[in-house]
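Participant: Take a look at the letters that make up each chain.
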Amino acid sequence: MFLRKIYIILFTGILLLVKPSFGQLHCGTVDIVPNTSVNELLTFDSFSQYQGGIVINSVARIRVRVTDQAVPDPLCSWHLYMIVDNNPGAGTPVNEWEELTQYGNGLNINPPINSLEIRVRNGCQTSPIDGVFQTFTNHGDIIDIIAQMILITPAGSCAPNVNGPGDYLTNYNEYNFDIDIRVKPSFQFNPGIYQLNVKFHLEENP
Amino acid sequence: MRKFKVYATALFIGAFATANAQLIDEKDVTITMDLQPVLQLEMTTPNQLEFVFDEINEYYSGITQYGATILKVSSTVSWDLYAVGRSTGTNGPTFWDQQIDYGNNNPNAIANLPLSLVELRQNQVNNGAGAALGAFADYSAQFSPATTPSGQNSLYVNAGTNTPPTTNDKYIGGHAGTSGVAGQDFLPGGSYLTQTGTTSDYYYSIDYRILPSLPAIFPMAFDATGLVSQDLVTVNGAGAYAEPGVYTMYVQYILLEDQ
Numbered sequence: 001m002f003l004r005k006i007y008i009i010l011f012t013g014i015l016l017l018v019k020p021s022f023g024q025l026h027c028g029t030v031d032i033v034p035n036t037s038v039n040e041l042l043t044f045d046s047f048s049q050y051q052g053g054i055v056i057n058s059v060a061r062i063r064v065r066v067t068d069q070a071v072p073d074p075l076c077s078w079h080l081y082m083i084v085d086n087n088p089g090a091g092t093p094v095n096e097w098e099e100l101t102q103y104g105n106g107l108n109i110n111p112p113i114n115s116l117e118i119r120v121r122n123g124c125q126t127s128p129i130d131g132v133f134q135t136f137t138n139h140g141d142i143i144d145i146i147a148q149m150i151l152i153t154p155a156g157s158c159a160p161n162v163n164g165p166g167d168y169l170t171n172y173n174e175y176n177f178d179i180d181i182r183v184k185p186s187f188q189f190n191p192g193i194y195q196l197n198v199k200f201h202l203e204e205n206p
Numbered sequence: 001m002r003k004f005k006v007y008a009t010a011l012f013i014g015a016f017a018t019a020n021a022q023l024i025d026e027k028d029v030t031i032t033m034d035l036q037p038v039l040q041l042e043m044t045t046p047n048q049l050e051f052v053f054d055e056i057n058e059y060y061s062g063i064t065q066y067g068a069t070i071l072k073v074s075s076t077v078s079w080d081l082y083a084v085g086r087s088t089g090t091n092g093p094t095f096w097d098q099q100i101d102y103g104n105n106n107p108n109a110i111a112n113l114p115l116s117l118v119e120l121r122q123n124q125v126n127n128g129a130g131a132a133l134g135a136f137a138d139y140s141a142q143f144s145p146a147t148t149p150s151g152q153n154s155l156y157v158n159a160g161t162n163t164p165p166t167t168n169d170k171y172i173g174g175h176a177g178t179s180g181v182a183g184q185d186f187l188p189g190g191s192y193l194t195q196t197g198t199t200s201d202y203y204y205s206i207d208y209r210i211l212p213s214l215p216a217i218f219p220m221a222f223d224a225t226g227l228v229s230q231d232l233v234t235v236n237g238a239g240a241y242a243e244p245g246v247y248t249m250y251v252q253y254i255l256l257e258d259q
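As given, the protein sequences belong to chains A and B, one line each in that order. Using our numbering, read the first sequence as starting at 1 and increasing by one per residue. Using our numbering, read the second sequence as starting at 1 and increasing by one per residue.
Excised from the complex, chain A in its bound form:
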């Protein structure tokens, strides 16, 4: 009986010291709404499209929803970035679009990843890269939209780097990000069908 009491006290103390984790640190939920995939096909079949490029505005909308826990944690914040993937497992060179098929004789070069330009914008211009087309260079390159940082800028600030709990429904201009893409092919690219994947990653800050 005495030993039993000792065990109870001992293990209870250890459990209290060990921080119980339920899969989160500070926030309640972290969501991109909706998080379904977007597929966009750009077809270049006229000279004017090659010369002028194709711009797709709002090809996707990243709508962020970050909620507090039942007992709000003042440290709840989040960061958002985009990362490019060209399926290197298929043998794709690190700096090229993935080749799905090729027309012609293939004597020229395949399009490089940096021929894709991507722009992020919202009404409050919360991202430091808001409104400016960005490019990736190699597979795995990351571009921060809202960088991971200690300073928490709360929702409603309509200021750079808003990263506190909030919702696109209540603060649309801070928690909604419109994504635009632009491609202006060079005349030196091999004709064919190519593919790239851009993954948007939302995560609470530790």
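Hints were generated in silico from the structure; no laboratory data involved. Careful, some of the hints might be misleading.
[Said to hold, decoys possible] Below 16 Å or equal to it, Euclidean Cα-Cα: the simulated EDC-like pairs (lysine to aspartate or glutamate) are: (1) A:K184 to B:D34; (2) A:K199 to A:E40; (3) A:K184 to A:D130; (4) B:K72 to B:D207; (5) A:K184 to A:D45; (6) A:K199 to B:D34; (7) A:K199 to A:D144; (8) A:K199 to B:E26; (9) A:K184 to A:E117.
[What the hints assert, rightly or not] Chain A side only, calculated, beta carbon under 8 Å to chain B, not exhaustive: (10) D31; (11) G104; (12) I181; (13) V183; (14) Q188; (15) V198; (16) H201; (17) E204; (18) P206.
C-beta: ideal position from N, C-alpha, C; glycine also.
Given chain A's structure and the hints, the job is docking chain B onto it.
Facilitator: Quick look at chain B alone, frame taken from chain A:
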């Protein structure tokens, strides 16, 4: 007690085994790009040309039509451009089609006039022919004097086939071969629309000349290499001359991906 130890130990292990992990969500945007090859050759000039030889001096000096054809190139891939003489084959795939014959059908009057008697001259040098091996890489040379037969401007003929010129023959732009080295055997993708300056690799003005001479044997007719004469005397023997009449043929301009 033993069961209690087991349960307590399991709970203890479970407490340490539970990991801290940030909440994460992701969304994928997949972009597929279909680059279709686009090659456009525009010809804004009339497609019918007439050469009427009814004066002696026209037989001696020939008839030249300057700038009779303007070619404008737009291409999204590396390209070659060449010209080839063709007919419907009435007299054979390498000869003009005779529509009407005049005269008395003298045995020395030859109706089989070689397509290569047509001469072309392009307004600028072919800047994509560095690897050409023949005597004449393009049609940029000046028309030779009437007294100096030369195949430097003689039109390429392939006997009605689809065979493009070889490295020994003439191209207007680019050339045979796939070295992949700029300037050697292709011209890069682009368009006359974006070119500036007084010359452009995407814009060509073509002059035509036909010089029958007297007698009318067409001394400027040569084979594809420009080295072997195809005038009527060389081919048919002494005393041969062109049978008077009306003849037709056509020049086909072919723009294709570098090959």
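Participant: So which hints don't hold here, by number, going up?
Facilitator: 3, 6
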